[in-house]
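Protein chains: 2
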Amino acid sequence: MTPTITAFENSPDRGRGLARDMRVRWALEEVGQAYEVRLVSFAEMKAPAHLALHPFGQIPTYEEDGLALFESGAIILHIAARHAGLLPEDAGARARAINWMFAALNTVEPPILERETAGYAERDKDWHGERVAMLDDRVRARLSPLAARLGDADWLDGAFSAGDLLMVSVLQRLQGSALLAEHPALAAYVARAEARPAFKRAFAAQLAVFERSSR
Amino acid sequence: MTPTITAFENSPDRGRGLARDMRVRWALEEVGQAYEVRLVSFAEMKAPAHLALHPFGQIPTYEEDGLALFESGAIILHIAARHAGLLPEDAGARARAINWMFAALNTVEPPILERETAGYAERDKDWHGERVAMLDDRVRARLSPLAARLGDADWLDGAFSAGDLLMVSVLQRLQGSALLAEHPALAAYVARAEARPAFKRAFAAQLAVFERSSR
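So the protein lines, in turn, are chains A and S.
Residue numbers for the first sequence follow the numbering used here, so the first one is 1 and each next one is one higher.
Residue numbers for the second sequence follow the numbering used here, so the first one is 1001 and each next one is one higher.
Everything labelled a hint here was simulated from the structure, so no lab data went into it.
These numbers come from a predicted model, not from an experiment.
Hints should not be assumed to be uniformly reliable.
[As the list claims (entries may be wrong)] Under 8 Å between C-beta atoms, here's a sample of chain S residues computed to sit facing chain A:
#, residue
1, L1053
2, H1083
3, A1095
4, T1107
5, R1123
6, G1129
7, A1148
8, G1151
9, W1155
10, R1192
11, A1195
12, F1210
[Unchecked claim] Computed beta-carbon distance windows for the label pairs:
#, chain 1, residue 1, chain 2, residue 2, range
13, A, A81, S, R1192, 43 to 53 Å
14, S, Y1120, A, S144, 35 to 45 Å
15, A, E44, S, G1032, 42 to 52 Å
[As the list claims (entries may be wrong)] Calculated from the model, a selection of chain A residues having no Cβ within reach of chain S, i.e. all distances over 10 Å:
#, residue
16, G73
17, A74
18, I75
19, M101
20, E109
21, R140
22, D154
23, S177
24, L179
25, A181
26, E182
27, P184
28, V209
The beta carbon of each residue, even a glycine, is placed where N, CA and C say it ideally should be.
Take the sequences, apply the hints, and build the full model.
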């Protein structure tokens, strides 16, 4: 059965590919699994039908054969476990790739998201500049060790994996800041991932939704 | 082979069970897997030998038969996948339990950790009070839907799972705030988990480390 995901009817990122359906679309493209998309408005996201799928009233959700999931990390792990292409076969390498998935979401993303949130929730405060400097340093404290670990490798641990997919998705939230450019190896890592045909297909698909909605 | 984890030689939480080795100890106790602990000082955590295991220089790490992992979520998933007791057998129920693991770490923990960080990193700022009010509301925006989903059930989805273990671990960070008490069902959920013999054994083990180190 073709899985169905949800995405913003009107993405606040204006098609820049930063909403979390992008990660799931990309994973589905990497493994060659067709999918359907149901677009939801902000009002629909907070209505009972959607809250039954996603208790926190967000996107994406994933539905397939009666199974419903709502965390992008869990959705991607579910896809990666059922198709070849996103996790190594070897058990140890597989555990390490999953380790990078959690590192992306629980160690690297939180300070990046905190910085992003400050950008809209605290922009008008007179202490905003002081906060941004603190937040930039917290992001740097994640990027430096990440760059050190990546070194001159293409991917974090052998072949491209769901760990790289999530890490790149998280780093893309720094687009437009100077922080990523402080580590050319990380900027190149993101560019390398964005050159993947599966990424391009997923990006085009989410952009098409935004372009239709903004006509 | 008995796995080895790392933990703080001198935990900054003074044995309150909030350091992330506690989650891993608890998972190991739930499945009945013996383990060894190597204590590391703050200096050792930032030294090359530890950074080779944990690129971000934190605890815990997990080593077993040549495999090394460093994210508590990934470690717990690894343990849960190899032993009975933390994930349901049914594939759908298993995917949903893993979904709650990611929800704990990527949706509920970030605002709780942000609030905790503000408590020590921004305490001396004259805008600290304004920030705390914002952060409390961000935490509330997670707790309300979580309480609504839990309802009057004992656990988030059927039997106790690794999803509950991580969700409770995350909620415990609110100890000493009034936020958890705003949702008696969530406070009872945490208390129910803390009454589990495996939790008690793990808590006692990490407390014993602190008590030895503070003699």
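Hint check:
Among the interface hints, the one on S/L1053 is violated; its C-beta lies about 11 Å from the nearest C-beta in chain A, farther than the 8 Å criterion. Hint status for S/H1083 relative to chain A: violated, with the closest Cβ pair at about 14 Å, above 8 Å. Against a cut-off of 8 Å between C-beta atoms, the interface hint on S/A1095 holds, since the closest Cβ of chain A lies about 5 Å away. Hint status for S/T1107 relative to chain A: holds, with the closest Cβ pair at about 6 Å, below 8 Å.
Because the beta carbon of S/R1123 sits about 13 Å from the nearest beta carbon in chain A, more than 8 Å, this interface hint is broken. Of the supplied interface hints, the one on S/G1129 is violated, with its beta-carbon coming no nearer than about 12 Å to a beta-carbon of chain A, more than 8 Å. Evaluation of the S/A1148 hint against chain A yields a held restraint, the C-beta minimum of about 7 Å falling below 8 Å. Of the supplied interface hints, the one on S/G1151 is violated, with its beta-carbon coming no nearer than about 11 Å to a beta-carbon of chain A, more than 8 Å.
For S/W1155, the interface hint is violated, the least distance from its beta-carbon to any beta-carbon of chain A being 14 Å, above 8 Å. A least Cβ separation of about 19 Å between S/R1192 and chain A goes past the 8 Å threshold, and the interface hint is therefore violated. Hint on S/A1195 is violated. Least Cβ distance to chain A is approximately 25 Å, over the 8 Å limit. For S/F1210, the shortest C-beta to C-beta distance to chain A is roughly 24 Å, which exceeds 8 Å, and the interface hint is violated.
For the pair A/A81 and S/R1192, the supplied restraint of 43 to 53 Å is violated, since their beta-carbon distance comes to about 30 Å. The hinted range of 35 to 45 Å is not satisfied by S/Y1120 and A/S144, whose Cβ atoms lie roughly 21 Å apart. The beta-carbon spacing between A/E44 and S/G1032, approximately 45 Å, falls within the hinted interval of 42 to 52 Å. Separation of A/G73 from chain S is inadequate, the least Cβ-Cβ distance of about 4 Å not exceeding the 10 Å criterion.
Distance check for A/A74 against chain S: the nearest CB is about 4 Å away, which does not clear 10 Å, and the non-interface claim fails. With a minimum CB-CB distance of about 8 Å to chain S, A/I75 fails to clear the 10 Å threshold, and the non-interface call is violated. Distance to chain S contradicts A/M101 as a non-interface residue, since its nearest Cβ pair spans about 7 Å, not more than 10 Å. Distance check on A/E109: its Cβ comes as close as 7 Å (rounded) to a Cβ of chain S, failing to clear the 10 Å threshold; non-interface status is violated.
For A/R140, the non-interface assignment is confirmed: its Cβ lies about 12 Å from the closest Cβ of chain S, beyond the 10 Å cut-off. With a closest Cβ-Cβ approach of about 17 Å to chain S, A/D154 is found to remain outside the 10 Å limit, as its non-interface label requires. Here A/S177 stays apart from chain S, with its beta-carbon at least about 19 Å from theirs, past the 10 Å limit. Non-interface call for A/L179 relative to chain S: holds, since the shortest CB-CB distance, roughly 16 Å, exceeds 10 Å.
Against the 10 Å criterion, A/A181 stays outside the reach of chain S, whose nearest CB is about 21 Å from its own CB. Once the 10 Å rule is applied to beta carbons, A/E182 is consistent with being away from chain S; the minimum gap is 17 Å. Distance check on A/P184: its Cβ is at least 18 Å (rounded) from any Cβ of chain S, clearing the 10 Å threshold; non-interface status holds. No Cβ of chain S approaches the Cβ of A/V209 within 10 Å, the least distance being about 23 Å, so the stated non-interface status holds.
Of the numbered hints stated above, those contradicted by the structure are hints 1, 2, 5, 6, 8, 9, 10, 11, 12, 13, 14, 16, 17, 18, 19 and 20, listed in ascending order.
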